[in-house]
Amino acid sequence: MQAMQSKRLMMIKDNKKQSCVTCTSRLLGIFCALKGEALKEFNQNKTVNHYKKGQIIFYEGNQAFGLYCIYSGRVKLYKTGMGGRQQIVRIAGPADILGYRALFAEEPYHATAEALEDADICCIDKNAFFPVLAKNPELALGVIKKISQELRFAEDLATSIAQRPVRERMAALLLMLRQSYGKPTKKGIVIGLQLTREEMAEMVGITQETAIRLLSEFKKDKMIEVKEREITILNLEALLDTANLEI
Amino acid sequence: MDLKKSSTTKKQWDRLIAKGQTLSFKKGQVLFYEGHHPYGIFLLQSGEVKFTKQDTPCLREHFFSLPQGKVIGLKPFLEGRAYSCTCTALMDCRMLFIPKSEWK
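Top line first, the protein sequences correspond to chains A and B. Mapping of the first sequence onto my numbering: residues 1 to 247, in sequence order. Mapping of the second sequence onto my numbering: residues 248 to 351, in sequence order.
Don't take each hint at face value.
[Stated by the list, open to error] Only pairs whose alpha carbons sit at most 25 Å apart, straight line, appear in this in silico DSS-like list of lysine-lysine:
| hint | chain 1 | residue 1 | chain 2 | residue 2 |
| --- | --- | --- | --- | --- |
| 1 | A | Lys-79 | B | Lys-266 |
| 2 | B | Lys-273 | A | Lys-219 |
| 3 | B | Lys-273 | A | Lys-135 |
| 4 | A | Lys-52 | B | Lys-258 |
| 5 | B | Lys-300 | B | Lys-273 |
| 6 | A | Lys-53 | B | Lys-297 |
| 7 | A | Lys-227 | A | Lys-53 |
| 8 | A | Lys-53 | B | Lys-274 |
| 9 | A | Lys-52 | B | Lys-266 |
| 10 | B | Lys-297 | B | Lys-258 |
| 11 | A | Lys-145 | A | Lys-40 |
| 12 | B | Lys-297 | A | Lys-52 |
| 13 | B | Lys-273 | A | Lys-53 |
[As the list claims (entries may be wrong)] A short list of chain B residues far from chain A (calculated; beta carbon distances all over 12 Å):
| hint | residue |
| --- | --- |
| 14 | Ile-264 |
| 15 | His-283 |
| 16 | Ala-329 |
[As the list claims (entries may be wrong)] Estimated spans, in silico, between C-beta atoms of each pair:
| hint | chain 1 | residue 1 | chain 2 | residue 2 | range |
| --- | --- | --- | --- | --- | --- |
| 17 | A | Gly-61 | B | Ser-312 | 25 to 33 Å |
| 18 | B | Arg-262 | A | Lys-135 | 50 to 58 Å |
| 19 | B | Gly-275 | A | Thr-159 | 31 to 39 Å |
| 20 | A | Lys-222 | B | Cys-305 | 49 to 57 Å |
| 21 | A | Gly-84 | B | Gln-292 | 43 to 51 Å |
| 22 | A | Ala-158 | B | Arg-262 | 43 to 51 Å |
| 23 | A | Glu-107 | B | Gln-292 | 51 to 59 Å |
Honestly, the hints are just simulated from the structure, not real lab data. The beta-carbon is built from N, C-alpha and C at its ideal position, and this holds for glycine as well.
Modelling step: build the complete structure from the supplied sequences, incorporating the hints.
Rendered as structure tokens:
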């Protein structure tokens, strides 16, 4: 049994199946502009690895040597503050790229990237990436656009954490998760991304106990239904009202 | 592994090392996971690492040593196969990393 398991672990995931040329995730992200020789060069220099849930793609504070692109699965990026407390700064999914800010700024990674679920992630080292970027202005513009969007999101989040009451922040988080990962059902919108209470708390800068209490209150008010980690939004208007957002 | 028997000449190694990037790993951080394909090779310049296979210790790798450090992960890299062990820093380590794109 052990020998079979070892053999299974040793089996190489067929990199040829995850070619940049046929990758559907590529068309959703900044690499959609790549064609011809540039795409071929990317494909030749990329390495694909399967990360199991909980495995680390890169560590906060470590030097960047490459750019990562998510082929499938989801990754959480978090910063570790004083006392070891984690603050999730982003959740990335298919077609998202990781580590680009550290590469461009020539700084260490600003956050740790950890697989939130099993994920296939491509890596291209900077010595292969930068020449392609230099020859492809559309790719460069796509990266600038991406960085600008993330900067806006980060500023909004910082303002939200600093100024909004915890109840509003939690409601706003549920609405954001609904928008990004919501799946309609007969009862309401089910949030397809299942986070732990701790992860939800980290995303809005509250304690786990406060997150649990707030979810319990929302459940009591019939705004949401909770089944372990699965959350269903039952009353969108009431949640928008709690988040102090207009429809 | 003797440098003289290696198919990579000293001149080639000197060129590769010049292109390398210094990386630091803190105690407990993972350099690479069992089953993953190499992004390049590591030269361990300071510190210590351990190798584990499915959470049990691996037989110690026979290191190929250069003046700049012990080469880690050369065989899987050259043979185009996945790592057979997970490599974790036993203490704060400094590595010279030579990426895949430099081996042309």
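| said: Are any of the numbered hints broken by this structure? If so, which, sorted upward? | reply: 1, 2, 3, 4, 9, 10, 15, 16, 18, 21 and 23
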